[in-house]
Structure formats: structure tokens, C-alpha cells
Amino acid sequence: MLTEVALYLLKVLLVPALAGVVVGGVGVMLVARRAEADREQSVRRAQIGQALAAPIAFLASFLMETGPVGLPPAERWHVLPYAVGVAAIVGAIVSSMRAAWWVQWLIVTVILGALAWKFVVFPASNPYIQVGLFGSIVLMGLLWSAVARDACSVGVAMMAAIVFAGLGVLMILANFASLGVMVIAVAIALGVLGMAIGVLNLREAARLRAAAPAQPVAVEQAPGGVTCPAEAACELVPWTAAAAATLAAIGCVLALCGHAYNYGEVRPMHWAVVLAAPFFALLVCKPCLRGAKPIVGVAWRAGLCLVVVLAVVINAASQSGSDGGAAGGAADSDPMADMLGESK
Amino acid sequence: MRTLIVASSLIVLPLLAAASRPMWSAPANAAAVLAQPAAAGELTLDPVHSMALFRIQHLEAGQFWGRINALSGSVAWPMDDSAAPMIKAVAELKNIDTGSEKLDNNLKGPTFFNEKEFPTIAFTSTGGTRVTERHWTLTGDLSLHGVTKPVTVDCVVTGVGKGPTGPKVGFECQVTIKRSDFGMTWGIQKPPKALGDEVRLVIGLEADETKAE
Numbered sequence: 622m623l624t625e626v627a628l629y630l631l632k633v634l635l636v637p638a639l640a641g642v643v644v645g646g647v648g649v650m651l652v653a654r655r656a657e658a659d660r661e662q663s664v665r666r667a668q669i670g671q672a673l674a675a676p677i678a679f680l681a682s683f684l685m686e687t688g689p690v691g692l693p694p695a696e697r698w699h700v701l702p703y704a705v706g707v708a709a710i711v712g713a714i715v716s717s718m719r720a721a722w723w724v725q726w727l728i729v730t731v732i733l734g735a736l737a738w739k740f741v742v743f744p745a746s747n748p749y750i751q752v753g754l755f756g757s758i759v760l761m762g763l764l765w766s767a768v769a770r771d772a773c774s775v776g777v778a779m780m781a782a783i784v785f786a787g788l789g790v791l792m793i794l795a796n797f798a799s800l801g802v803m804v805i806a807v808a809i810a811l812g813v814l815g816m817a818i819g820v821l822n823l824r825e826a827a828r829l830r831a832a833a834p835a836q837p838v839a840v841e842q843a844p845g846g847v848t849c850p851a852e853a854a855c856e857l858v859p860w861t862a863a864a865a866a867t868l869a870a871i872g873c874v875l876a877l878c879g880h881a882y883n884y885g886e887v888r889p890m891h892w893a894v895v896l897a898a899p900f901f902a903l904l905v906c907k908p909c910l911r912g913a914k915p916i917v918g919v920a921w922r923a924g925l926c927l928v929v930v931l932a933v934v935i936n937a938a939s940q941s942g943s944d945g946g947a948a949g950g951a952a953d954s955d956p957m958a959d960m961l962g963e964s965k
Numbered sequence: 003m004r005t006l007i008v009a010s011s012l013i014v015l016p017l018l019a020a021a022s023r024p025m026w027s028a029p030a031n032a033a034a035v036l037a038q039p040a041a042a043g044e045l046t047l048d049p050v051h052s053m054a055l056f057r058i059q060h061l062e063a064g065q066f067w068g069r070i071n072a073l074s075g076s077v078a079w080p081m082d083d084s085a086a087p088m089i090k091a092v093a094e095l096k097n098i099d100t101g102s103e104k105l106d107n108n109l110k111g112p113t114f115f116n117e118k119e120f121p122t123i124a125f126t127s128t129g130g131t132r133v134t135e136r137h138w139t140l141t142g143d144l145s146l147h148g149v150t151k152p153v154t155v156d157c158v159v160t161g162v163g164k165g166p167t168g169p170k171v172g173f174e175c176q177v178t179i180k181r182s183d184f185g186m187t188w189g190i191q192k193p194p195k196a197l198g199d200e201v202r203l204v205i206g207l208e209a210d211e212t213k214a215e
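Protein sequences appear in the order of chains A and B.
Throughout, our numbering is defined as the position within the first sequence, counted from one, plus 621.
Throughout, our numbering is defined as the position within the second sequence, counted from one, plus 2.
Since the hints were derived computationally from the structure, they do not count as laboratory data.
Mixed in with the good hints there might be a few duds.
To be verified - In silico contact screen, one side only, chain B against chain A (beta carbon under 10 Å); selected entries:
| hint | residue |
| --- | --- |
| 1 | W67 |
| 2 | G111 |
| 3 | T167 |
| 4 | T187 |
| 5 | A196 |
We put the beta carbon where it would ideally sit given N, CA and C, even for glycine.
If we strip away everything but chain B, and leave its shape as in the complex, we get (with noise of 0.2 Å):
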């Protein structure tokens, strides 16, 4: 009997896991829509003028500061401020910059962002209501940590210039999130009050019309 019981599990088990489906399916790439081209009228991020920082409390003590380098996307927005600025800004992990290699890594690593299997942060405007004059708050979905939750973000129209390829255009948006809310919860309580909760970003953004290939 119970050479039947082993047998059967030899061979069942196996069986069982070969038939079975993957419990993984690809995670959501957000970097997806840097593929996708500017639409007419858009303009395209420029990834060396763009950039987010992030301000986090240590310890209950000092606001920390780190940045995200060469953020991409587009940007719709009528010039002459007739309608809100749709953005689609996607910033890259790999290129995250707090000044120590270390901490870059393990920001990166699976205790923070986890940048092995959630690559990106990605936020995407659905819509704005004026606030005065070239400054907007801007409603949309914002991806981290593979978690999308709606967000508003302040946004100002900096300033309207000249590039090499035409009108430039440059932004400053800010939106403070909980990062409990997307599932990065390490220092919050365990270890207690090590990093704070609230997570405070600042994106500088400049776009201008890409030029055609």
C-alpha cells in the first residue's frame, strides 16, 4: 500500500504541476507606451530635461531627496491654454539617482520598488480644471509598484520657448502620494518609522515636437 501511495505521487504530482497553467502572467509594462509615437499635435518629452524627484521623511527626521533621470512621453497641450495639458510621462527605475550607488540598489531591489519586475512608474492625465493661468490640476492614473490608482496633480505651465525643433514647453507638476497605497510599505511599521509614508514628487518635464526621422 504504501508503495502504490509513493508511486502514485511520482508520478501524479508532477502530472499535476506539468498540466496546470502558469501562475505568472507578464507584469503590466508601462514603459509600453514610450513605444507608441506622439499623436499630431503632441509634443514629446525631452528625456534629458525631464526628471522627478522624490522627498521621503528618514527617521523621522530629515526630508531625503532622490531623483529619476530621462523621464519620457508626450505632452498635448493647445498653447494657448485653452485646454488642460494631457501628459503621459513614464519614468524608468534603472535610471533612479539618489547620489549613493547602494542606495540606488537597494531602492531598486524587491524591499522598495522592485525594479526586476515592476520597471516603471507611469502616470497618465485623463483630464484638468483650471486653476488661474497656465496652472492646472490634472486628474489620472498613476502606476507604481504595479499598482494603478487614480491621483491630482498640481501642474504649472513654467514657460512657452524656442528649440532647435520648434516650440519647447516647459512643466512643474507635484502630487504627494502614500506609497502604502501601491503596496511599498517597508519602513512604515516594520522597521518602525524608518522612512515615512508620504512620498512627495516633483516633476520637471520639457517637451517639445520631435523631430521627424
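The shape of chain A in the complex, shown without the other chains (with noise of 0.2 Å):
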């Protein structure tokens, strides 16, 4: 049983996250192959493999848990591989296009918002929640894109690790778990992409100063926090803003399905604290705001957006914790991890 528990967590998990690291990765890994004359078409391409690195792992994890679903799908939730799927191919759109940060977050969050608000209707909706959709897609893809813009590609897909593992953690508590699994998969693979990227990133900086040992340069602290000839030259494949906007789409949807199919104690201020949390990261680094150079690196970043979603997640579980103490004892196991034959 536990073999089979294995194989499964195995299948929903990291194979999925695996292929979201291989689609968002490989394109980082041919551009730090390249000589550095040759690498803006590779780095557009690994742009767009960075903005489908995400629904690709959400897509194959949601394929192995609950396997192919119709068109209309026949519980509403099920509509939530079509909408990946739908932002998958917006993002790549957008980002392989030669546009302002601003102009890829406006074309993103407006297509996006747009067809969630009409398409993306989850039980106990109404016309009030399905504005507050587009809303928050529009607003938290604003955020999200003036991370991007800040932040280097490996704070970027840290943070956005941190937030999706914070939503799959706050879906469990809400009696979601196969979601929950889903979104972790895609935490999984954003995290694993983040260290490919630092590493490519970190080996780059090595190799430009090995190249150039003789001629005095600049040296910078990078957005990463790591010092390196030019900040720039360390970055192989910064996110772009449309690729941003369109993970906090996809968060945006997720997090009002675990909202909508709710039976723990999860509040709506918890789903939408978490989806902000990388607000904090700009907090700390007002001047990026206006194009001055990062004070911070990615661990504080990351580590505050951590310490924000953490918060969350514990204030949601001690409540959840507290209301089924209160029901009754020793019958309250977790049914999840019992069925799982992790509790007994």
C-alpha cells in the first residue's frame, strides 16, 4: 500500500512538476549554451517556456488525478484545465512579444479577466463575484508584473513557489485535497526551476568573470544577491511581465475555486493575502519602483514572502484546528491522510 501510495504521490506530484521544470528549463539551459551575441532569439524562446512552465505542470498533474474532462466539463471545477490551458497560450503570446512591461500586463490581465469573468463561474456565484474576478486578476497581475520587472527571475520563481505551495496547503484545508495536490505540483515545479535558473545564473556570473579577469568592471550586487560583473549579464532569462500576470491569473482562479468549493475554515482574506504576498517583496525595495537598483536580494524577498504566506497558513489551520477540536476528539483524524493510510 504504501509502494502504491508512493508511485501515486510520484505520478501527481512530481512527474508533473518535472515536466513544468523541463519546459520552463531547457530554454535557460540553450541560452547560457549560447555566446552571448546569438542569445536574444534563445532568450525570447525561453521566455515563453518560463511563462508555460507552470500550467504545464498544473495540466499534466490534473490529467493524472483526475484524467481528461469533457467540454462542457460536467462538475464546474473541471473547467479549470481549460482555463490554464487558455492563459498557457496567452502568456506565451504575450511574452514572446517586443512590448512595454506595462502593455504585456494590460494585453494579459484584460484578455484573461475577461473571458474568467464570462467562462470561469464557479458555484454560489453572482455578477458581484465574477467583476471581483476580473478585478483581482487585472490588480494582482499589476502586482505580480512590477515583481517581475523588479525582482530577477529567481526571486520571481521563488516567490511564486511560495504562494502556490501557501494555496495548495490552504486547499487542503478547505477539504480540497486533489486541488491541492494539483497546485503544490505547480509550487514543485516553480521551485525547481527558481534553483535550475540560480544555478545557470550563478555559473554565468563565474564564466563572465573568468572571461574578463584582466579588465576592471563594475561589480554589482544582482537582484539575486550575487555579485557579478553586470547585474544584467547575470540574468540569462528574466521573467516577463506577461508571464507574471498570467501566474497570478491562474492563481486568481485557483484560489476563488478553493474559495468556492470551501468546507474548512479557510477565510477569503486568507486566499487573498497569500496572492499578494509578493506585495511585500516590493515593500522592501521601494526604489525598484522607480527603476533604481534592487537593496535587497532574493532571500529577503523570498523570505518575507515567506514568512507572510506561513502566517497565513497557520492562522488558517489553528482555526480549522480549533473548530474540529471543538466537534469531537479522537473521531476528527485527518480523513485525507487516514484514507491515505498515513494516519493508522
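Two chains, two frames, a set of hints: combine them into the complex.
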């Protein structure tokens, strides 16, 4: 039984995460192998890969967990693979455009927001909730785009991984474990992708130092906390605003889905604060908004994001725990863990 | 050219979204049966004394039992047992009761019953064949998780007594279904063998005449 559960977790968590990492990471590896002069086209392709990494992980996990779904889907939450698929296509197309970050943000969020407003309708929805979904996609997209413009690619991937991990835990607390597992697969994909990009960036920095040892260069502190000859050179493939806005839009839709099917003690504020956690990264880096150099590195920003998400998750878990305890004793063991044979 | 594409995307896509029809229609609500008053000669189910028990194998080991309280609906049955009982029974999933509030919430969630979209389980008999005296095999439609399928239910009249409003009739019905037939697949293969596919339902019904309001 334990072997079967381990294989199941491998299928729904690690294989989809690996698919996302491959899609997002191969492009960055190819960029690292190219000479600096030939990089422009491959950077653009790698940015498309980064935009697709999280959606691919989600879609793979959904397929493994739930199987293919029809159209129209039999259950409302089965619209998610379609919504995420459309988001991936829009995010990838807009990522490939040579447009200012605010144009990318606007295109992605208006298109995805409008489609979500019309087609992503969960139980107990009403026109206000649908307008709210549109508004939250636009606002969260702006926030995440601003973060992507300011922070290094490692930081964006790490913060996104933390946010999606937080959403996944909230979904499990809301008694929606199957979606929680899928979202955690996305978080794993983003986390591993971030680490891989970090390693490649470090190697790039080392290569640049080794290549030009005689020339005095301006040593600056890169956004990732890496000291390298020139900040831009360390960053092989920066996230596009479109990719970050796509992640934000997917996060908003998943959070609303978790809220709509909530059978736990997770409050709307919990979802909102977790989604907005990267905002705190901007708070500690206000000058970046004006285009100045970052004053804190990836560890500080991701760390702050992690603290916020952890605080929210602990708060939500403590509310669930206190209510469960009041309801009654030993009978209230974790049913999902119990079904998986982990608690007994 | 690029600006043109961007601008047209901004205008056309939201318009397309707004012009198209909503993807969703309201879920079939079997609770509508409840709204219909019992016809002449029909008895109304007493929700206090009508419940459904469900049994499912857990981790290939024990048989786990849960219940859904307060069934509602109606029964039409001639007391002389000359015809099969015609049963309309509705279980509201908000009344699920396993003895664990957490497990109740888990079962109501989208991983299992998806109570927010499919709030009821309904059975409507369409005919029956006699097995022995006061023992019938009923055929009918079972609506569960948004899927309606024909089922065959073994039904025994457990007794006819007297209640404050007139005669009171009791039934005990049993049926075994495959939940995968109704789109409820969690735990059968994914994760493997966490829960069985077969679910045995034992339904206890008590029906009497409804008081005139």
C-alpha cells in the first residue's frame, strides 16, 4: 500500500512538476550555452518556456489526478484545465511580443480577466463575484508584473513557488485535497525551476568573471544576491511581465475555486493575502519601482514572502484545528490522510 | 502591425466573451421533487425516521459506514400489497453524518459528492416485481453526482402500524452501486485502492399521511 501511495504521489506531484521544469528550464539552459551575441532569439523562446512551466505542471497533474474532462465539463471546477490552458497560450504569445511591461500586463490581464469573468463560474457565484474575479486578475497581474520587472528571475520563481505552495495548503485545509495536490505540483515545478535558473545564473556570473579577469569591471550586487561583473549579464532569462501576470491570473482563478468549494475554515482574506504576498517584496524594495537598483536580494524578498504565507497558513490551520477540536475528539483525525493510510 | 494586433485583441476577445452564451446551466436539482405535494393516496416520508446508510470498503480492509439523515419524498403503496410501492426519496447531502465533522466536510467536497453542485441524491421508482409477500424488486432511476442511471432496488415492507395522523408504513430497501458509474472515482485508482468502488446503500423509510395544513 505504501508503495502504491508513493507511486501515486510520484505521478500527481513529481512527474507533472518535472514536466513543468523541463518546459521552463530547457530554454534557459540553451541560452546559457549560447554566445552572448546570439542570445536574443533564444532568450525570447526561453521566456515563452518560463510562461508555460506552471500551466504545464498543472495540466499534467490534473490529467494524472482526474483524467481528461469533457466540454462542457461535468463539474464546474473541471473548467480549470481549460482556463489554465488558455492562460498558458495567451501568456506565451504575449511573452514573445516586444512590448513594454505595462502593455504585456494590460493585454494578458484584460483578455484573461474577461474570459474568466464570462466562463469561469463556480458554485454560488454572482455578478459581483465575477466582476471581482476580473478586477483581482487585473490587480494581482499588475502586482506580479511589477515584481517580475524588479526582481530577478530566481526571486520571481521562488516567490511564485511559495505563493502556490500556500494556496495548495489552503486548499487542503478547505477539504479540497485533489486540487491542493495539483497546485503543490505547480509550486514544486516553480521552486525547482527557480533553483535551476539560480544555478545557471551563478555559472554565468562565474564564466563572465573568468572570461574577463584583466579588465576592471563594475561589480554590482545583482538582484539575486550574486556579485557579478554586470547585473544584466547574470540574468540569463528575466521573467516577462506577461508570464508573471499569467501566473497571477491562474492563482486568482485557483483561489476563487478553492473558496467556492470551501468546506473548511479558510476565509477569503487567507486566499487574498497569500496571492498578494509578493507585494511585501516590493515594500522592502520601494526604490525599484522607480527603476533604481534593488536594495535587497532574493533571500530577503522570498523570505518575507514565505513569512507572510506561513503566517496565513498557520492562522487558517489553527482556525480549522480549533473548530475540529470543539466538534469532537478522536473521531476527527485527518480523513484524507486516514484514507491514504498515513495516520493509522 | 503589432500595435494593430494588440489593439484588436483587446477589443475583440472581450466582445467575443460577452457575446457568447454562458457555458453553465443550473444543475439539475432533484430537490424539486420535494416541492411537489404527495398525490392522493400517497404517503409522505417522515424525515425523522427515514435515513440512508452507505457502506464502502476502506483501504481494502474494513467496511466503513456513514449515513444521510432526514430523507424526504413520498411513497404510493396499496396496503393490500396488490402493487409495487412507488417510491420517491431524496437525500440532501448537507445531512451527511459519519460521526466526524471533518470527514463529513471532505465527503461533501468536490473530491467526492460535490454537494455545492449536486446537493441531493434522488431515487424515483418506475416499476417493480414481486419477490414474495411484501417483498419487491423495484426498478427506478438513481440521480447521484449529476448522473442519472437505472438501478434495481430490493425493497421489503417492514411493517404497517398506526401513527398520530393515520397508518404508518415502513420499508427497508437495499441496493449496491458502483460509484464510478456516477463519476465518483477518487480513491479507486487515484490514489490506488484507498476506497472501494462498490457502495452498498441500505435505506430505511417510514411514511405516513401528511396532515392537512
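Hints, verified against the model:
1. W67: violated, 13 Å
2. G111: Since the shortest Cβ distance to chain A is 4 Å, the answer is holds.
3. T167: violated, 36 Å
4. T187: holds, 8 Å
5. A196: With Cβ-Cβ at 5 Å, under 10 Å, it holds.
Comparing the model with each numbered hint stated earlier shows that hints 1 and 3 do not hold.
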